[in-house]
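Trainee: One-letter residues, chain by chain:
2 protein chains.
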Amino acid sequence: MAKTIPISLDVMGGDSGAEVVIPGAEIALVRHPDIRFQLFGNEKVVKPLLDKFPRVRDASTFQHCDIAIAMDTKPSQALRQGRWRSSMWRSIEAVKTGDAAVAVSAGNTGALMAMSKFCLRTMANIERPAIAAIWPTSRGESVVLDVGATIGADAQQLIDFAILGGAMARALFGIERPTIGLLNIGVEEVKGLEEVRTAGRLLRETPLRSIDYAGFVEGDDLGKGTVDVVVTEGFAGNIALKTAEGTAKQIGGYLRSAMSRTFMSRIGYLFAKNAFDLLKAKMDPRKVNGGVFLGLNGIVIKSHGGTDAEGYAAAIDLAYDMVRNELTHKIAQDLVHYHRGRFGETATTSTGDL
Amino acid sequence: MAKTIPISLDVMGGDSGAEVVIPGAEIALVRHPDIRFQLFGNEKVVKPLLDKFPRVRDASTFQHCDIAIAMDTKPSQALRQGRWRSSMWRSIEAVKTGDAAVAVSAGNTGALMAMSKFCLRTMANIERPAIAAIWPTSRGESVVLDVGATIGADAQQLIDFAILGGAMARALFGIERPTIGLLNIGVEEVKGLEEVRTAGRLLRETPLRSIDYAGFVEGDDLGKGTVDVVVTEGFAGNIALKTAEGTAKQIGGYLRSAMSRTFMSRIGYLFAKNAFDLLKAKMDPRKVNGGVFLGLNGIVIKSHGGTDAEGYAAAIDLAYDMVRNELTHKIAQDLVHYHRGRFGETATTSTGDL
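From first to last, the protein sequence lines are chains A and B. Heads up, the first sequence is in our numbering, so the first residue is 6 and it goes up one at a time. Heads up, the second sequence is in our numbering, so the first residue is 6 and it goes up one at a time.
Treat the hints with caution; some may be incorrect.
The list treats identical chains as one, so a pair stands whether inside a single copy or across any two.
Here are the simulated DSBU-like pairs of lysine-lysine, each with C-alpha atoms no more than 35 Å apart in a straight line [unchecked claim]:
#, residue 1, residue 2
1, LYS287, LYS57
2, LYS122, LYS229
3, LYS292, LYS254
4, LYS101, LYS196
5, LYS278, LYS254
6, LYS196, LYS285
7, LYS8, LYS287
8, LYS287, LYS254
9, LYS229, LYS287
10, LYS278, LYS292
11, LYS254, LYS196
12, LYS122, LYS101
13, LYS285, LYS229
14, LYS229, LYS196
15, LYS57, LYS8
16, LYS229, LYS278
17, LYS287, LYS122
18, LYS8, LYS122
19, LYS229, LYS335
20, LYS122, LYS52
21, LYS292, LYS49
For the record, the hints were derived by calculation from the structure and aren't laboratory data.
Isolated chain A, as found in the complex:
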């Protein structure tokens, strides 16, 4: 029998908690019967649901947790209240102990990141974690990071993000040496943020085995899919992500109102219904649900808090793929290679100035 994939779930996380998580787990389990879940949540809520979803029950272990972190809890508060005992913490801890290969939570991002950092710690030589999103493009998909873990990033942190994102693209898309772009305003070398320019210079001067640095990219390159990985700091990255989501919704609204406006357009809609359904599927934000926390000693996947079971299943699918394709191993490999290249195999000194 093939090796199973152990995934821990924060069953209480998200706007609807267990009502979405357990049905979502069922959907993912049908697609990947080799998943084994570790469920953390309140037994009063979870147990009755497991009786309704025996497939999930049979593929899971369940552990009761007194505390559920609310969606509006501040990170510091969440750590105070929920460390050791909340379903969120315990699902992350399962990754630390090795019981799970990856954790999934639809809980609040700030709390989840704070707990993940506290529990898993950042990897050696990585100063800050990043949240990576999968961005649907005209050419397929790209990895975009950081979309909101932290604000601001110096040149070295941007290079770290490039390595982390590169490893994720290798794991996700199976590309040997993904192309990487630094998000900037203007593509000329003299333009934009100084940290971005410095990172660009360093990436150009010291080519890496694991990534193919392609220069600066701009906001409109995100949708085009100009590169496999787009690297930016978390403020601009988060704004770009939400702006794209908002624009997609806005145009979807235009389209709906245009198609229902006249008798003729409604007939047209009926004829083209299959095409519209395809388009709708293509633009479905649930399909690319899941932000990947990178740079920690273990992988945590953040599902959108307001998603439904289908969207939650997509986040589990992503978690599954990341484990099956050995994301952690790839990141570790790439980091070792990068730091060897910079300091020679025997170097043990600090990372020095950049």
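Given chain A's structure and the hints, the job is docking chain B onto it.
Mentor: Structure of chain B alone, referenced to chain A:
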């Protein structure tokens, strides 16, 4: 006879220069016969075109300029080569001398901003200019600034942008007290960039007559049209603008390919053609062409470099509206009011710490 509106045009600016500018001027002139153009450009190119567009010729004065600033000229280079003598400079200078009420150029943004700053200077109490874009939203239109004049902004500069953008919204939308949001990641007061939080606190503590501060907004609020004016620094603003443009193009591409995919969908397209045409018109980037340089002693409008005559005419329309609705006057009013409110009517000291 009603007062005419004098507008200066950098005829050589843009990817196609006069070939787009003169026909664009013709289109705008039909809509606004009270415009009088001051054209600056190379006579060899412009004169033959004016013979083809006698309506523009009859409503214009023309001045020959030896130098045209190329689209890839760096700002410093443009200033060295083109000060005093280029069509770009002369069109801006016409605003300074009062010969024109506003200048329009499709030339390169960096050069145009550098020359505008050098020639017109920033307004009293304004440290940095901003570029304001008109953003189509589900509710109508919003003003978004800065979309790329400078990188970074402290709290005071963000407040300046709020006042400038508020005046533009008053002029453009005829709203007495436009709502203003600060672009941030997360809407809670404790979240996001420190400069943005400080600006938010100050705007809340000292309500302004000319604007109605509505708190933080996120990337997806841009498309929703949650507020009339969205304020941000130029790096994030530029990335948001280009991300939205890219996403709109990407979805347009999806839609076209979906509609041409099958026989049925093509029939559906024919039935709904009017609806699609409306949608296309709604998403037409040419309709909202024109970035407004704010915070200088005079208004300069930047048209997209790659636009066609229709798009260029939209930039002239915008210039016309800004003058007709007395943007400069409104900005001056709002700034006086703001600084009076802060320091009392008799205060003449420096602006102090924030």
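Trainee: Are the hints correct? Go through all of them and say.
Mentor: Hints versus structure:
In this assembly of identical chains, the alpha carbons of LYS287 and LYS57 lie at most 35 Å apart only when taken from the same copy (31 Å versus 48 Å across copies). In this assembly of identical chains, the alpha carbons of LYS122 and LYS229 lie at most 35 Å apart whether taken from the same copy (33 Å) or from different copies (34 Å). In this assembly of identical chains, LYS292 and LYS254 lie within 35 Å of each other by CA distance both inside one copy and across copies; the values are 15 Å within and 20 Å between. With identical chains, the CA atoms of LYS101 and LYS196 are at most 35 Å apart between copies only, with a shortest distance of 29 Å across copies and 42 Å within one.
For a Cα distance limit of 35 Å, the shortest separation of LYS278 from LYS254 qualifies both inside one copy, at 19 Å, and across copies, at 22 Å. Taking the shortest alpha-carbon separations for LYS196 and LYS285, only the inter-copy value of 33 Å comes in at or below 35 Å, while the best intra-copy value is 38 Å. In the homo-oligomer, the alpha carbons of LYS8 and LYS287 lie at most 35 Å apart inside one protomer (32 Å), although the nearest pairing across protomers, at 53 Å, exceeds that limit. Taking the closest pair of Cα atoms, LYS287 and LYS254 come within 35 Å of each other both inside a single copy (13 Å) and across two copies (14 Å).
When the C-alpha separation of LYS229 and LYS287 is checked against a cutoff of 35 Å, the pair qualifies both within a copy, at 15 Å, and between copies, at 21 Å. For a Cα distance limit of 35 Å, the shortest separation of LYS278 from LYS292 qualifies both inside one copy, at 20 Å, and across copies, at 30 Å. In the homo-oligomer, the alpha carbons of LYS254 and LYS196 lie at most 35 Å apart both inside one protomer (32 Å) and across protomers (25 Å), since each shortest distance falls under that limit. Taking identical chains as interchangeable, the C-alpha atoms of LYS122 and LYS101 lie at most 35 Å apart only when both belong to the same chain, with a minimum of 11 Å there against 56 Å between chains.
In this homomeric assembly, LYS285 and LYS229 come within 35 Å of each other (Cα to Cα) both inside a single copy, at 19 Å, and across copies, at 19 Å. Taking the shortest alpha-carbon separations for LYS229 and LYS196, both the intra-copy value of 21 Å and the inter-copy value of 31 Å come in at or below 35 Å. For a Cα distance limit of 35 Å, the shortest separation of LYS57 from LYS8 inside one copy, 27 Å, qualifies, whereas the shortest one across copies, 77 Å, does not. In this homomeric assembly, LYS229 and LYS278 come within 35 Å of each other (Cα to Cα) both inside a single copy, at 26 Å, and across copies, at 26 Å.
In this assembly of identical chains, the alpha carbons of LYS287 and LYS122 lie at most 35 Å apart only when taken from the same copy (34 Å versus 45 Å across copies). Proximity of LYS8 and LYS122 under a CA criterion of 35 Å is satisfied intra-copy only: 28 Å inside one chain copy versus 66 Å between copies. Taking the shortest Cα distances, LYS229 and LYS335 sit within 35 Å of each other inside one copy (27 Å), while across copies they are farther apart (40 Å). For the homomeric pair LYS122 and LYS52, the shortest alpha-carbon distance inside one copy (30 Å) is at most 35 Å, but the shortest distance between copies (67 Å) is not.
Proximity of LYS292 to LYS49 under the C-alpha cut-off of 35 Å is restricted to the intra-copy arrangement: shortest distance 30 Å within a copy versus 57 Å between copies.
Checked against the numbered hints above, the structure breaks none of them.
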